[in-house]
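Since each chain sits alone in its own frame, please combine them into the complex, following the hints.
Taken in order, these protein sequences are the chains called A and B.
So in our numbering, spot 61 of the first sequence is number 61, and the numbers just go up one at a time.
So in our numbering, spot 90 of the second sequence is number 376, and the numbers just go up one at a time.
Hints may be right or wrong, so weigh each one.
Unchecked claim - Computed cross-link-like contacts, BS3-like style, restricted to lysine-lysine with a CA-CA straight-line distance of at most 30 Å:
{"#": "1", "chain 1": "B", "residue 1": "K310", "chain 2": "A", "residue 2": "K124"}
{"#": "2", "chain 1": "B", "residue 1": "K310", "chain 2": "B", "residue 2": "K512"}
{"#": "3", "chain 1": "A", "residue 1": "K237", "chain 2": "B", "residue 2": "K363"}
{"#": "4", "chain 1": "B", "residue 1": "K390", "chain 2": "B", "residue 2": "K411"}
{"#": "5", "chain 1": "B", "residue 1": "K363", "chain 2": "A", "residue 2": "K266"}
{"#": "6", "chain 1": "A", "residue 1": "K58", "chain 2": "A", "residue 2": "K191"}
{"#": "7", "chain 1": "B", "residue 1": "K441", "chain 2": "B", "residue 2": "K363"}
{"#": "8", "chain 1": "A", "residue 1": "K273", "chain 2": "B", "residue 2": "K363"}
{"#": "9", "chain 1": "B", "residue 1": "K543", "chain 2": "B", "residue 2": "K457"}
{"#": "10", "chain 1": "B", "residue 1": "K390", "chain 2": "A", "residue 2": "K234"}
{"#": "11", "chain 1": "B", "residue 1": "K441", "chain 2": "A", "residue 2": "K273"}
{"#": "12", "chain 1": "A", "residue 1": "K103", "chain 2": "A", "residue 2": "K124"}
{"#": "13", "chain 1": "A", "residue 1": "K103", "chain 2": "B", "residue 2": "K512"}
{"#": "14", "chain 1": "B", "residue 1": "K411", "chain 2": "A", "residue 2": "K234"}
{"#": "15", "chain 1": "A", "residue 1": "K124", "chain 2": "B", "residue 2": "K363"}
Claimed, not checked - A few chain A residues facing chain B, derived, Cβ under 10 Å:
{"#": "16", "residue": "L85"}
{"#": "17", "residue": "F86"}
{"#": "18", "residue": "I209"}
{"#": "19", "residue": "F250"}
Quick caveat, the hints were computed from the structure, so don't treat them as lab data.
Glycine included, every Cβ here is placed at the ideal spot set by N, Cα and C.
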Amino acid sequence: MEMCADPSTLDGINWWTCYLTTGKHQAFYASFGTVLLLLAITAPVVMVLGFGGAMARKSKILPLRWFGLAYTNIVRGVPDIIFFLFVPIAMDQGIEYLRHQIKCPDVLEPIRQGNDFVVCSIAKMPLSSSPQWIHEVYGFSLASIAFALVFGAFAANTLYGAMNAVPRAQLETAEAFGMSERQVFWRVQVKQMWLYALPGLSNLWMILIKATPLLFLLGVEDIVYWARELGGSKTSKFTYPHPDWRLYYFAFLMVFYLLMTWASEKVFNRITKRLSHGQATVGAGS
Amino acid sequence: MSCYDTLIDYGLRSIGIGARLLPKTDITLCDQFVLIGSGMIWNVYFAVFAMTLGFGIATLVAVGKASENPWASVPAKAFIFVFRGSPLFIQFFLAYELFVLIPKVGIDINLGFATITAETRWLTKAWLGAVIVLFLNTSAYSGEIFYGALRAIPKGDIEAADAFGMSGFRKFRRIIWPAMLRLAWPSYTNEAIFMFHATTLVFFSGFPAWRQSGDALYYASYFADKTFNPFVSYPIIGIYFVSFTLIIITLFGWANKRLNRHIAPEQKIKFRFKPQFIR
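Chain B with its partners taken away, still in its complex shape (with noise of 0.2 Å):
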C-alpha cells in the first residue's frame, strides 16, 4: 500500500471517514505520521471553539473582578479561583460524571426557521461535553490574565477618556477594552499555546473515544501499544505540536502588530514564550 492510498484511508479517519480498521500489523511511519496526523484535527476543533467561546466570556470575568460591585466580583472570583485552582485533570473527570448523571432527553429549541432536537446525552461525548470544560477553563486562565491587564491600564489613557466626555459602555468599547488587549496579549498568547496543549487530555480523561475516532495523543498512544516502540510515534506527536504552536506565535504575532500599531515602536509589547498558564 503506497502512503498515498493511507492518506486516502487514514487522513480523516479521525472523524469518522475512511477506513473503518486501524492498521494492526505492518505499521508504517507512513500510516504513523497520517493517522496522528488526522488526530489533530480533534486538538484543532477543541482549542479553536474553547479560544473562541472563551474570549468574550473572559472578558466579562475580568470586568467583574475588577469591579466594585460585591455581587460581581465575588462570582468572578470563585469562577477564576476553582477552574484556575484544581487540575483540567480532575475538572473533566467530574464534568463528564456529571454528564452522565444528567437524565437522557431531547430538548427541542426553535430557531425560527427550523426546529433542532438537542440531547441531553450529547454532552457526554468530547466534542460537545469536552469543549464546554475547556471553555470554561480557558475562560477563567483568560479572565485572570484580562483582569490583570485591565488594573495596568495607564491612568493617563482613562483620564483622557473622561476629558473627552466619553462614559459607560462607549469608554469601555473605545479606550478600555482595546488598551487590555494589547497589555494582555503576549500573556494571552501563550495561554493559547497551552490551551492548545491541554487539548490531548481530552481522550485520556472521561471522555471515550467513540469507534476509535480520537485525537493525535490517542493515536499516538495507539502506535506506541501496538509496537511497543515509543521512539517513533511519540515524537511524530512532538515534531506535530511544536509545528502547530509555531503556527499559533505567528497567528498571534500578527494581531499583535495590529494591536500595537499606534504605539511608538520602542514601547512596543513583545511576545515572549512563557510557560505560564499551563493547567
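Next comes chain A alone, as it looks inside the complex (with noise of 0.2 Å):
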C-alpha cells in the first residue's frame, strides 16, 4: 500500500492498518497454517500407527507384541517433550550416518570425534548448497515424525483398549454366522470399537492441539517465533517503533488456541452422537 510508504507521519487507525500488514505479520499470519499443516499432515500418520501399534499389541507373535506393548509404555512414561527434542536429532543423525556409510565409503575416521558428528560434505542431510527452503520443509518434516511418533503410542493405546470393549457377544454372534478370524475383526471388531475409541481419540486431538506451540522448540518459524519476533520491544530506529507487546502477541494465540479446542470439542459431541445412534450405550438415546 503506498500510504504505508513513510509509516512516521501515520498515526491511529491507518498506523494500526500498516503495522498489521508489513510483511512480516504476513509470515506471521501465515505460521497459523503451518500449524493447521502439522495437525493435518500428523492426525492421519497418527491414526495409522496407532492401529498398527494396537495390531502388534493383539497379535499372536509374541516378539511383535512386545514390541507393541514396548512401544506405547515408553512413549508414555516419559514426558513427550523429551521425546520432541530426541527424535528429529537422532532421525537427523541416523540418515546422515546412513549416507555417509553409502556415499563416501572410502572415508576412514570415525563420525564421532570427541564432541563432533563428523560426516563427508556430499553426505549431508540437506546437502549446505540447498536452498533453504529445503533445510526448513526437511526440519518439519523431521517435527512431524517426532509427533507422529508420540501420539501414536498414545492412539494405540486408545484403540487397542476400544477393541477389547467391544462387547463378547457380538464377537461371538459374528463367529457362529461363521466368520473367519479374519473377517470377524475386520467386519465386526473395527467397525463396531469406534464408538468406544471416540472418548479417547478426542482427547488425542486436543493434546495434539496443544502440543503444537513445541514446534517452536524445535526450530520451527510457528507462531511462537513470529509472536516473540514481533512482539518484543522495537526502538525508532524501527520502521513500527513500540514498546514490549509480547503479552498481547501471546495473549492472542491462548485465544485462538482456546478457540480452536472449542470448535472440537462442538464436533466431538456432534460425530458422538451420529455414532452413538443404534448402540446399546447409555449416551445412546434414540
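What follows is the structure, encoded as C-alpha cells:
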C-alpha cells in the first residue's frame, strides 16, 4: 500500500492498518497455516501408527506383541517433550550416518570425533548448497515424524482399549454366523470399536492441538516464534517502533487455542451423537 | 576425577551448591547421570508444590462447577475452560511476560514475630512464577476430575447422610468429600504423573535458568548440545522419569488402598495408567 510508504507520518487507524499488514505480520498469519498443516499431516499418520501399534499388541506373534507393549509404554512413561527434542536430532544423525556409509565409504575416520559428529560433505542432509526452503521443509518433516511417533503410541493405547471394549457377545454372534477370524476382526470388531475409541481419540486430538507450540522448540518458524519476534520491543530505529508487546501477542495465541479447542469439542459432540445411534449404551438416546 | 568427586561437585549443582562451572570437555557418563539427577530436584519441587497447593483449590473449583448458583458455577467453568483449553506452553509464556511487566516493588508482610519483604521481582523467577502457573493449571485439570467424581457419587450415599440428619458442611466433610476422592483417585494419579512430566516445560518456556541452575531436561539438552550426541543424555533422563513415575504410582497406590479400605474387594477401583490428562 502506498500510504504505508512513510509510517512515521501515520497515526491512529492508518498506523494500525499499515502495522498489521507488514511483511513480517503476513509471515505471522501464514504460520497459523503451518500449525494447521502439521495437524493435517500428523493426524492421519497418528491413526495409522496407532492402529498398527494396537494390532501389534493383539498379535499372536510374541516378539511383535512385546514390541507393541514396549512402544506404547515407553513413550507414555517419559515426558513427550523429551521425545520432541530427541527424535528429530536422532533421525537427522541416523540419516546422515547412513548416507555417509553409502556415499563415501572410503573415508576411514570415525564419525564421532570427541564432541563432534563428522560426515563427509556430500552426505550432509540437506546439502549445505541446497536452498533455504529445503532446510525448512526438512526440519518441518522431522518435527512431524516426532509428533506422529509420540501420538501414535497414545492412539495405539486408545484403539487397543476400544477393540477390547467391543462386547464379546457381538463377536461370538459373528463367529456363529461362520465368519473367519479375519472377517470377525475387520467386519465387526473394527467397525464397532469407534464408539468406544471416540472419547480417547477426542482427548488425543485436544492434546495434539495443545502440543503444537512445541514446534517452536524444534526450530520451526511457527506462531510462537513470530509472536516473540514481533512482540519484542522495537526502538525508534525500526519503522514501527513500539514497547514490549509480547504479552498481547501471546494473549492472541491463547485466544486462538481456546477457539480451536472449543470448536473441536462441538464437532466431537456431534460425532458422538451420530455414532451412538442404535448402540446399546447410555449416551445412545433414541 | 572419580565419580564420587563428581557427585560432591555436581550433586546439588541445580540448586547452586557445588562447582560453579558445568563440565565442558571430557564429559563422562557419570557427569551426565549426576547432573541430570541433580536437575530432578527442580522437577520434584515444582510438582510437589503445585500439586499440594492445587489440591485444595481443585476441590473448591469442583464444588463451584457443580453448584446451582451461577455466581459460583460460571467462574469455575471459565477457569477450567481457560486452563484446560490452552497449551501450558503458552500459559508459561503469557505469565512470564505479565510478571515482567509488573512494577518491581517490595511488599512488607507482617508475620507477627517477624516481617518479611516479598518482592514482586520474585515472580519472574522460576521458583515462584512457574509454581504459580503450574498450580493454576493443575487446579483446573484436577477440578474437572473432581467435578466428574462429584457427579458419580451414588445417590444412596447422600440419602443415607440425609437420613442420619447430616447437612451442610458436615455432610460434605464426612460423606461427599471422601466419596469424591475415592472415585477420583485413579484419574488423579494420572494427573499427578502428567503434572510431573509437565514440569520439564518450565525452563523451555520463558523462565530463564539463573546461573545455569535448571531442571533435568535443561541439563539433558545441555549435554546433547555439548556432545552433539542425543543417544546418551535423553535416555538417561528417560530412565529418571520412568523411575519417578513408578514411585508416584506406588505412593498414590497406597493412598488408594486407604481410601478404599471399607469397600468390598470386588467393588474397589483399580488404578489404570491412562494418558488422559496431558496438557
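Hint check results:
1. B:K310 x A:K124: Satisfied, since the Cα-Cα distance of roughly 26 Å is no more than 30 Å.
2. B:K310 x B:K512: The given pair, whose Cα atoms are some 7 Å apart, holds under the 30 Å limit.
3. A:K237 x B:K363: The hint is violated at about 46 Å.
4. B:K390 x B:K411: This hinted pair holds, its Cα atoms lying about 13 Å apart.
5. B:K363 x A:K266: Within the cut-off at roughly 16 Å; holds.
6. A:K58 x A:K191: With Cα atoms ~17 Å apart, A:K58 and A:K191 stay inside 30 Å; holds.
7. B:K441 x B:K363: holds (24 Å)
8. A:K273 x B:K363: holds (23 Å)
9. B:K543 x B:K457: With a Cα-Cα distance of about 23 Å, the restraint between B:K543 and B:K457 holds, given a limit of 30 Å.
10. B:K390 x A:K234: holds (22 Å)
11. B:K441 x A:K273: Measuring from Cα to Cα gives roughly 27 Å; hence the hint holds.
12. A:K103 x A:K124: The hint holds at about 10 Å.
13. A:K103 x B:K512: holds (27 Å)
14. B:K411 x A:K234: Roughly 25 Å between the alpha carbons, so the hint for B:K411 and A:K234 holds.
15. A:K124 x B:K363: Judged against 30 Å, a Cα distance of about 52 Å means the pair is violated.
16. L85: holds (6 Å)
17. F86: Result: holds, 4 Å to nearest chain B Cβ.
18. I209: holds (8 Å)
19. F250: holds (4 Å)
Figure legend: structure checked against the earlier numbered hints; hints not met, in rising order: 3, 15.
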